[in-house]
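Undergrad: The residues making up each chain are set out below.
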Amino acid sequence: MKEARGRSVTIMQKGLEGTFREAFESYSDDLFRHAFFRLSNRERALELTQECFLKVWQYASAGGDIRDIRSFLYRTLRNLIIDEYRRSKSYSLDAILEDEDGGLVESVLPRDETNTLEAACERYSAREAVAHLKDIPDLYREVLLLRYMEGLSPKEIASRIRESENVVSVRIHRGLKKLRTILEENEHHA
Amino acid sequence: MGSKNCALFLKKTNTMHEPMNNFLRQFKEEVRRVSMNTSERATVRASLERAMRDHPVRYVPTVAPLLFVTLRAAPLVLSILLVFGGVAYAAESALPGNMLYAVKLGVNERVREALARSPEAKAAWHVEAAERRAEEAAVLASREALSASIKEELAARLEAHVEKAEALAEGLRAVDEEKAEAIVSRLSFGLEAHSAILARLSRDGEDSESRRESGDLSHRIAARSMRESRADRLTSMAATQIAPASDSVTQTVTLTLQQNKSATAVPDVPLPDTESIRQESSVRSRMAFESSVQKVLTRLEKRVRALRDTLPEERAKELEEQIHDLKGALVYAEADEMRELFRQAIIIEAFLKTQASIAEPILPAPIEIKKGEKRTKNFDVEAD
Chain A
-2 MKEARGRSVT
8 IMQKGLEGTF
18 REAFESYSDD
28 LFRHAFFRLS
38 NRERALELTQ
48 ECFLKVWQYA
58 SAGGDIRDIR
68 SFLYRTLRNL
78 IIDEYRRSKS
88 YSLDAILEDE
98 DGGLVESVLP
108 RDETNTLEAA
118 CERYSAREAV
128 AHLKDIPDLY
138 REVLLLRYME
148 GLSPKEIASR
158 IRESENVVSV
168 RIHRGLKKLR
178 TILEENEHHA
Chain L
19 MGSKNCALFL
29 KKTNTMHEPM
39 NNFLRQFKEE
49 VRRVSMNTSE
59 RATVRASLER
69 AMRDHPVRYV
79 PTVAPLLFVT
89 LRAAPLVLSI
99 LLVFGGVAYA
109 AESALPGNML
119 YAVKLGVNER
129 VREALARSPE
139 AKAAWHVEAA
149 ERRAEEAAVL
159 ASREALSASI
169 KEELAARLEA
179 HVEKAEALAE
189 GLRAVDEEKA
199 EAIVSRLSFG
209 LEAHSAILAR
219 LSRDGEDSES
229 RRESGDLSHR
239 IAARSMRESR
249 ADRLTSMAAT
259 QIAPASDSVT
269 QTVTLTLQQN
279 KSATAVPDVP
289 LPDTESIRQE
299 SSVRSRMAFE
309 SSVQKVLTRL
319 EKRVRALRDT
329 LPEERAKELE
339 EQIHDLKGAL
349 VYAEADEMRE
359 LFRQAIIIEA
369 FLKTQASIAE
379 PILPAPIEIK
389 KGEKRTKNFD
399 VEAD
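In the order they appear, the protein sequences are chains A and L.
Counting in my numbering, the first sequence runs from -2 upward without gaps.
Counting in my numbering, the second sequence runs from 19 upward without gaps.
Where hints are given, some of them may not hold.
[What the hints assert, rightly or not] The calculated lysine-lysine pairs, modelled on BS3-like cross-linking and capped at a C-alpha distance of 27 Å, are:
1. Lys46(L) with Lys174(A)
2. Lys174(A) with Lys131(A)
3. Lys152(A) with Lys46(L)
4. Lys175(A) with Lys152(A)
5. Lys46(L) with Lys175(A)
6. Lys131(A) with Lys46(L)
7. Lys152(A) with Lys197(L)
[Said to hold, decoys possible] Beta-carbon label-pair distances, calculated as ranges:
8. Thr316(L) with Asp65(A): 27 to 33 Å
9. Thr61(L) with Arg124(A): 26 to 32 Å
10. Glu332(L) with Asp62(A): 44 to 50 Å
11. Ser85(A) with Ala178(L): 31 to 37 Å
12. Ala117(A) with Tyr350(L): 38 to 44 Å
Hints listed in this document are in silico derivations from the structure and should not be mistaken for laboratory results.
Here the structure is a predicted model, which is why all the values come from computation and not from measurement.
Where a beta carbon is used, it is the ideal one built from N, C-alpha and C, also for glycine.
Looking at chain L on its own, in the form it has when it is part of the complex (with noise of 0.2 Å):
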């Protein structure tokens, strides 16, 4: 055996902190001897040389301009366009026919996009752009102001940003699978909330083009999120273990719609290949989840306790021990289960930053959340 084998054999040696047999050196050895050839290594050499020719490093400010060194939240962006008179304030509020929209979509959000550098980033802008989309469309329904055309715009521009998000969480996929993951379920889940929103607006009260038009959007966002949830669960990891999040959207979609067509509406989802590798996606997908999970949750107090005094008491109470309940089951559940509270907490937010703007009463939300039980998990026994 050359010197340089012997020379990797001692630099390994310490990185195992232990004396490795004869066999173990010899398995090292004959391992090492598969390698790629010159020419392979030329070859592979000369796409990534491409790609990085094709696709170069795009420009990124080395001297932070003052204005986006701290970039977090939509208010402080807001309160720095504020400079610019209050115009940018008042436009986060605009709706598609108000004059002040185009500002709104043409300087704060584009200033949003602008803001977002990385892939995960610019992908959770499109999916808050598609749910704010879908928002306005749910403010308009309120107000029995929802047109078609009005309608077709925002499914358009909805479309767009939600295609966008899942191109970008496509290309994150093989790099971080969790926050691809997260951006999917994400986006999922807001698509499915919203379409519960929209059906619950187009529900009660006399037929009207705007009734018509939120039930339609409603569907159409259903199926959008239905197909985000396929490809979500062919991609997941926990394919085998996932609750069938298809179901939830049956029974949100047909609880709240009295339409006839919802039922035919709503497409067959494939049952997820069950040969998948469980014990390789339950431990992933749970640490997915989890860290979302608590986020949206600390999201939703906050809101909660500012918006306490606007809400009828009966609903912040509601909104309280739904909280509450959603904080229980996390510390006891598995892969699976997290998923679910995942979707759960995003449809509580979405239902509740809706109502803030809605004068018609869509709260509580429906979902329904298993009061945690407690179960001994299946752990592995920790080494003594």
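Chain A extracted, bound-state conformation (with noise of 0.2 Å):
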């Protein structure tokens, strides 16, 4: 009996740990990738990254409840990316906070808006619009890479970030209008 129980007691390890290693092959360039472009600074993304996994071991290995581990590693690298905005005083707020009406939806947005937004943005080259990230709103800028660069629909990023869809609708848009913007502008200079 009780060498079954150790056998168990193996396998469980196994299988925590086993997940955890999958997870940080499977994971970790995603999660450093989203990290780098809301920070804009790869040592820092790289700390957060390790962080983040740490973070989700020492939940699970305390005996903290599990079912999706994918989830807590964007969750907890989300957590410590807010967590360092607001103890560095280095990041200017204006990157963070919203710059129009303080964040309130007015209407719903047509859907074609978007869209025409998007095929405007065609004429740009993305190199130029991914160098132009760190220029927008973080609050844009999260919903801009979990679109674009993750591909979640609007709603799967709005369970991820809980907020409505209709909220994350508009912050993509504004986040495309402002990308815009400073295309534009970069263009005239250029």
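Reassemble the complex: the two chains are provided individually, in unrelated frames, and hints are given to aid placement.
TA: Encoded structure:
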């Protein structure tokens, strides 16, 4: 009986550690990438990626229940990024906060609008756009990354960041608008 | 573009449910250029391996002993412990100085602690344990039996539990900020409540060692609660929105305390950082508290029903009304208000629980519930 229990423990241990190792191989790059574009700082992004895995391991090894390790990792990374902003004074607040009406959502956006904006960005180089990601408010940047880098639908983004789908759509819209404006300005100065 | 990229593109298109234009495809390729290089990856992997080695999974019994299969309420645990004689059950109400107190701490509480598996369960247990110490102090105070030495013992144990709860909540914060916040608020409000209870018990009657001691313990717990709520606020998501809980602590403490040192004993709590991410915070914070408040209210209702016969009619009615008002306020509450409702519910619960064990009337709890005003919520318009 004791032996059997011992065996199941080993399986369980392998189970969790194995899961973590797999998760590392599968998601570490995506997580790093996300952190990198949010923080515009490679070193911090690496540190946060590492901390993310450590924190989730800490939780799991202490008996925390983890059903979906992927969402745990993303959620933790998200919190770490938020902490990073709050903690560090070197991040400009403009970069974080919305620059318009304080985030109030006026109305539903017609679906077309965003498509139009997406199309409008066509004339710009993607490389330029990526380079200017750091110049748009983080609130927009986050959803743009989730939408266009990770390919999540507005609904998926909404559940990930705990906002309504409408808020997500608006942010994507504003983010694209802002990005296009920057790209336009850039073009004129070029 | 390599075929690998095309494959990725195709896979992602399905997720996006729509055709991606050229710009977006290139955008995606461009961002994907960023990734960890081999040595960076190796470094991070190594630190994870180190963590797995240093903090291995703790043994979790795969074949759960029959005893621990369903482990919800303390009553169940206690009824199981009845197997070992009615001792454990009787020990639950034991106080320091009583012979059964050792059983309460050494058996009952040890079992409770062991049954808590996850970090959040452990933290919740330590919060409860801290409150148990405070309750014991209150019962002794009501009997004029709180000596300096017993007070010290209780204060020390209480502090130990608070520290453990804090540490666990801290570890939980990055992984599950809602649970962490719930734990820290629960702790802070519970301490605040017990401080007020002890203050009230120390107030009336002749000066005695017991009354002095309960007054002193009340101060200490109040100070602890303030530290807690300050820490909570600095890390809390709703930093800009929270109604200053410290003011109400001050009110509570000064209203019920008539000793001079109360005013000066309350330290200044720094205002929260007003530049926090506001949008972010309100939704998350609201969700964090809403279910907590509902749980407490449900517990409260049960308790009032159970105690109805032992409470004076007036008090029972009062309580029912308070619960009713809280429920009403809950419907229209925004994030910051939600937290306040949670606070009020916790305070009522603490007072009620303690009242059940002591003769001296301490109800009603010193809170003021704003009658819920109907107002239009600041919601997004739903998509048609």
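Undergrad: Indicate, hint by hint, whether the structure satisfies it.
TA: Here is how each hint holds up against the structure:
1. Lys46(L) with Lys174(A): holds (18 Å)
2. Lys174(A) with Lys131(A): holds (15 Å)
3. Lys152(A) with Lys46(L): The hint holds at about 20 Å.
4. Lys175(A) with Lys152(A): holds (22 Å)
5. Lys46(L) with Lys175(A): holds (18 Å)
6. Lys131(A) with Lys46(L): With a Cα-Cα distance of about 16 Å, the restraint between lysine 131(A) and lysine 46(L) holds, given a limit of 27 Å.
7. Lys152(A) with Lys197(L): holds (24 Å)
8. Thr316(L) with Asp65(A): 27 to 33 Å: holds (29 Å)
9. Thr61(L) with Arg124(A): 26 to 32 Å: holds (28 Å)
10. Glu332(L) with Asp62(A): 44 to 50 Å: holds (45 Å)
11. Ser85(A) with Ala178(L): 31 to 37 Å: holds (34 Å)
12. Ala117(A) with Tyr350(L): 38 to 44 Å: holds (41 Å)
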